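Engineer: Sequence:
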Amino acid sequence: MRLIWLFLASVKINLIMKSIYTLLTIFTFLAVLGSCKDDKQQDNPEGDQSTTEKVSSKGPTEESKARSNSVMARVMSTSDSKTFASYIVTSELSGKLLSEKGPFTVLAPSEAAIKSMDEEFLKSLPRSENKPRLIRLVQDHIIEGDHNTVSLMQSLKLGPVTLTTLSGEQLKVSSNENDILITDSKGKVAKIGKSDIQGTNGVLHIVDNVLGMD
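So the sequence shown is numbered by UniProt numbering: it starts at 1 and just counts up by one.
Everything labelled a hint here was simulated from the structure, so no lab data went into it.
It cannot be assumed that every hint is accurate.
[Claimed, not checked] Pair ranges (Cβ atoms, derived):
(1) Gln198 <-> Thr83: 32 to 38 angstroms
(2) Lys115 <-> Thr61: 35 to 41 angstroms
(3) Ser86 <-> Asn176: 27 to 33 angstroms
(4) Glu62 <-> Glu129: 36 to 42 angstroms
(5) Pro160 <-> Lys123: 36 to 42 angstroms
(6) Thr61 <-> Gly159: 39 to 45 angstroms
On a predicted model such as this, the values are computed, not experimentally measured, just so you know.
All residues carry an ideal CB built from backbone N, CA and C; glycine is no exception.
Start from the sequences and build out the full structure, keeping to the hints where you can.
Structural biologist: The structure is reproduced here in C-alpha cells:
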C-alpha cells in the first residue's frame, strides 16, 4: 500500500512539473515574440504610418489634372497674358475657365496692348464700383468653342467668319497673308500673335489690341 501511495505521489509530482514546464515554455515563447515585435517597431517606428500613407495616398485625380492643364492655367502661365489673367481672377470668371468643360477660346490682350490703354482707366479697373466694366472687358475676349488658327483659316476659305463673345460682342475674323485679324463692332482691329496654346478645355491666343471696350 505504501508503494502504491509513493507511486501515485511520484506521478502527481511529474504531472505538476510537466505543467509548470509547459507554462514556462509558453511564457518564454510569448516573451520572445513580443521582443521581436518591439524590435521591428523600433527599426521602423513609422512603418504602420507609412503603410497607411501609401494606401491612402493617391495620385492626382482626373479633375485636378484637367484644372492644372485648363485654358485658365495656360493664361496664367503665359508671360504675355499675366495682366489679363489677373483681370479674369478679379472678375471671378477664372472658375469657369478652370473647371467647366467648355471648350473656350481666349483672345488675351498682350501686356503691351493693355499698357497702351488709358492710364487712369487702367488704375480704376480694380475698384469694386468698376467691376461690371472689368467683367465686360474679360467677357469681350472669351468665345465659346475651340477656334484654333487652322480651323479659323479653313472657315475663312468658305466665307465670312463671325465669332460671338460671352458678352455678346460680335467679332469679325479676316486674314492678311499669314496673319489672322479680329475686328470688333467698333472697328478696332487686333492681330493674333502667339497662338494655339492648347488647354484641356480650350485654346489661348495672344492678340495685340484690347477689343470691345469703348
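Engineer: May I ask you to test the hint 36 to 42 angstroms on the CB atoms belonging to Pro160 and Lys123?
Structural biologist: For Lys123 against Pro160, whose Cβ atoms are near 38 angstroms apart, the range 36 to 42 angstroms holds.
Engineer: Given the hint of 32 to 38 angstroms, check if Gln198 and Thr83 actually sit that far apart at their C-beta atoms.
Structural biologist: violated (22 angstroms)
Engineer: The hint says 27 to 33 angstroms between Ser86 and Asn176; measuring C-beta to C-beta, is that right?
Structural biologist: Because 31 angstroms falls inside the window, the suggested range holds.
Engineer: Quick check on a hinted range of 35 to 41 angstroms for Lys115 and Thr61, using CB atoms only.
Structural biologist: holds (39 angstroms)
Engineer: In this structure, is the beta-carbon distance linking Thr61 and Gly159 contained in 39 to 45 angstroms?
Structural biologist: Hint holds: Cβ distance 43 angstroms, inside 39 to 45 angstroms.
Engineer: Per the hint of 36 to 42 angstroms, is the separation of the Cβ atoms of Glu62 and Glu129 within bounds?
Structural biologist: Taking Cβ atoms as reference, Glu62 and Glu129 lie about 40 angstroms apart, which means the hint holds.
Consistency with the previously given hints fails for number 1 only.
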